[in-house]
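First to last, the protein sequences are chains D and W.
Numbering-wise, this note's numbering puts 256 at position 256 of the first sequence, and it's gapless, one number per residue.
Numbering-wise, this note's numbering puts 99 at position 99 of the second sequence, and it's gapless, one number per residue.
Fair warning: there could be bad hints in the mix.
Stated by the list, open to error - 25 angstroms max Cα-Cα, derived DMTMM-like pairs, lysine to aspartate or glutamate:
| # | chain 1 | residue 1 | chain 2 | residue 2 |
| --- | --- | --- | --- | --- |
| 1 | D | 71 | W | 137 |
| 2 | W | 309 | D | 147 |
| 3 | D | 71 | D | 124 |
| 4 | D | 6 | D | 124 |
| 5 | D | 304 | W | 113 |
| 6 | D | 71 | D | 49 |
| 7 | D | 304 | W | 137 |
Note that these hints are calculated values from the structure, not bench results.
No experiment lies behind these values; they were computed from the predicted model shown.
This is what each chain is made of:
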Amino acid sequence: MSATLKAYARRLFPQVAALAVILLMVSLAFPGFFKLEIQNGRLYGSLIDILNRGAPVALLAIGMTVVIATKGIDLSVGAVMAICGAVAAACITSGYGLAATLAITLGTGVLCGLWNGLLVAVLDIQPIIATLVLMVAGRGIAQLVTEGAILTFNDPGLIFIGSGSFLGLPMPVVIWLVFGLAVALVVRRTALGMLIEALGVNRRAAMLSGVSTGVLLIAAYMLSGLCAAIAGIIAAADIRGADANNAGLWLELDAILAVVVGGTSLLGGRFSIAASLIGALIIQAINTGILLSGFPPEFNLIIKAAIIVLILVIQSPRAQSAFVWFSRPRATAAGKAGEEAK
Amino acid sequence: MNARYLPLTATVAIFLAAYLVCVLQYPNMLSTRVIGNLLTDNAFLGIAAVGMTFVILSGGIDLSIGAVIAFTGVFLAVLLQATDIHPLAAFALALLVTTAFGALMGAIIHHLDMPPFIVTLAGMFLARGMAFVLSIDSIPVRHPFYATLKGLYYKLPGGGRITLIGGLMLVVFAAGILIAHRTRFGANVYALGGGAATAELMGVPIGRTTVAIYALSGFLAGLSGIVFSLYTSAGYSLAAVGVELDAIAAVVIGGTLLTGGSGFVAGTLVGILIQGLIQTYITFDGSLSSWWTKILIGLLLFIFILLQKGLIHVTERRRRHA
């Protein structure tokens with residue numbers, strides 16, 4: 001058990017270290033950064049803010065990790081967020097109860113995922129194009145639902161999901177923590193995770209060894225759709241309205257970035273949901289940090305791009321092999337020692 | 001007929017059929033004015049899409065072009081406002097910057113062995129960020145030379161005008177077709193899209209070609225930015241958001257395989273015209289909302305993907321039987 005724990009720590013180390021460095025840098029520029037206080041039975045502070053603002057990307061990253069592990073990609077999650085936000089607002093304003101609204105909305109997200117999954121698994125279309133269809137058409141569909149306006153609502157139950165709190169934590173934080181944990185447990189405590197990795201490394205080989213690849217692929221995209229639906233509800237509840245044009249705009253890119261920063265390869269195979277969640281926090285920490293440290297907001301994107309390139313360069317295969325090359329003398333010495341021992 | 005030409009033929013057939021439907025409903029759409037406007041309004045998208053076609057033919061993707069267009073617009077507006085430099089010199093400078101930017105992305109993709117998707121995504125953030133740093137306001141361009149350029153057009157019979165930028169798009173497409181099919185670079189792009197390993201074994205200089213492809217895409221995105229600047233007479237850092245998606249959609253509707261290695265630059269032109277036609281139809285109709293454009297383009301994308309799939313299936317079966 002301690003060996004698996006050690007392997008886990010080694011896997012997550014670069015991401016945790018990067019997050020720590022970024023948080024430290026921000027705290028140097030903004031002294032009150034780590035301060036937490038409790039008001040009205042609820043935690044407040046910049047750290048909580050990062051967890052809270054990062055909720056949509058974190059949720060999307062959970063589904064995106066599984067999809068990318070199958071060697072796919074889901075470009076449609078931002079548009080699905082917009083559709084689901086629109087559906088939630090339309091349901092609640094036309095008099096459905098909270099439970100029915102949530103069920104319909106989550107069902108819509110899963111249905112969007114099913115569509116993507118069918119295109120990828122049954123019609124055998126490249127994931128990047130298959131999900132491009134919904135990405136392009138999705139915002140149009142969302143506008144069809146809201147009829148071009150921003151649908152506002154004031155149902156207290158739905159608003160609670162966006163801005164309520166549970167055990168002192170904001171509701172979105174609770175949702176993504178619980179959901180992330182649940183998915184990670186389901187994937188890692190069963191053979192599911194290994195089957196997904198097998199599918200991502202070599203679909204044909206996985207199929208030949210008896211993995212039902214089609215069902216798994218569709219399930220992965222459905223999970224991604226479900227994540228997008230939850231993120232869409234949170235985003236709509238947060239502003240108490242559904243904005244078909246701007247809800248979830250470009251969040252698919254942030255989610256993919258979170259997964260890549262989390263060290264999961266875009267080529268499929270081994271994945272880590274925890275690392276992707278930390279990746280999402282890294283991205284949000286950069287966003288919040290730039291705002292707090294008083295840089296002019298114009299520099300946001302440039303700093304973000306620079307940090308991302310830095311992280312990616314360190315992770316890139318070439319840099320890794322250069323790293324191995326630099327530590328070669330020790331390796332060959334060890335090799336010689338091994339040969340002598342023979 | 002060669003199966004390679006089928007997607008292109010289908011695209012052209014769909015364009016003609018759609019145009020016929022439009023003309024039957026609104027006879028005015030046959031006028032040369034509509035055609036001239038179709039070219040002018042989609043000029044910046046078309047020029048950028050030519051670059052995207054080369055990138056996709058090589059099996060890559062370039063997400064940065066929308067941001068590069070916005071950057072070029074802001075760059076020109078700031079430069080012309082702050083200095084006395086002639087617009088032509090400013091154009092040259094802008095093209096230099098965007099070409100170098102594209103080449104840099106190509107170099108990173110090749111030398112660091114990173115997926116184009118992520119590298120150009122970072123490029124998109126960087127270019128958009130540079131535009132923000134230059135100015136967050138929309139800056140008008142009031143240089144008299146702009147008015148001169150906008151006044152240049154070729155008058156078609158029937159009152160239509162092929163403006164300078166509309167004509168420029170056609171020239172860029174012609175040049176793109178020549179480069180793709182009549183030069184060594186073009187052959188290298190197709191080879192690279194067919195498979196990097198096979199291309200390398202055939203002696204294609206992978207590194208140089210990759211850098212050149214993204215440099216070309218950067219150059220054309222810069223040119224597209226210049227056209228966009230002429231078209232709007234302003235520079236705004238939030239302009240041209242999502243143009244890369246429209247360009248990718250046009251390339252796919254034009255019959256180019258997103259896996260690379262197969263497709264035509266000419267198809268992209270028809271893809272652009274189909275998108276423009278949908279928009280024109282919605283404008284003519286007046287009662288349809290603009291979001292139908294997105295839904296229809298999504299639907300078209302889906303149809304073309306299915307068509308390509310069916311085509312590949314048929315040719316493979318034929319090969320197996322032969």
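Taking the hints in turn, this is what the structure says about them:
The hinted pair formed by residue 71 of chain D and residue 137 of chain W fails the criterion: a straight-line CA distance of about 41 angstroms is larger than 25 angstroms. In summary, the hint linking residue 309 of chain W to residue 147 of chain D is not supported, as the alpha carbons are separated by about 34 angstroms, beyond the 25 angstroms threshold. About 13 angstroms separates the Cα atoms of residue 71 of chain D and residue 124 of chain D, which keeps this hinted pair within 25 angstroms; it holds. Restraint check: the Cα-Cα separation between residue 6 of chain D and residue 124 of chain D comes to about 39 angstroms, which exceeds 25 angstroms; the hinted pair is violated.
Restraint check for residue 304 of chain D and residue 113 of chain W: the C-alpha separation of about 21 angstroms stays at or below 25 angstroms, so the hint holds. Straight-line distance between C-alpha atoms of residue 71 of chain D and residue 49 of chain D comes to about 33 angstroms, which puts the hinted pair past the 25 angstroms bound. Restraint check for residue 304 of chain D and residue 137 of chain W: satisfied, since their Cα atoms lie roughly 21 angstroms apart, inside the 25 angstroms limit.
In terms of the numbered hints stated before, the structure departs from hints 1, 2, 4 and 6, listed from lowest to highest.
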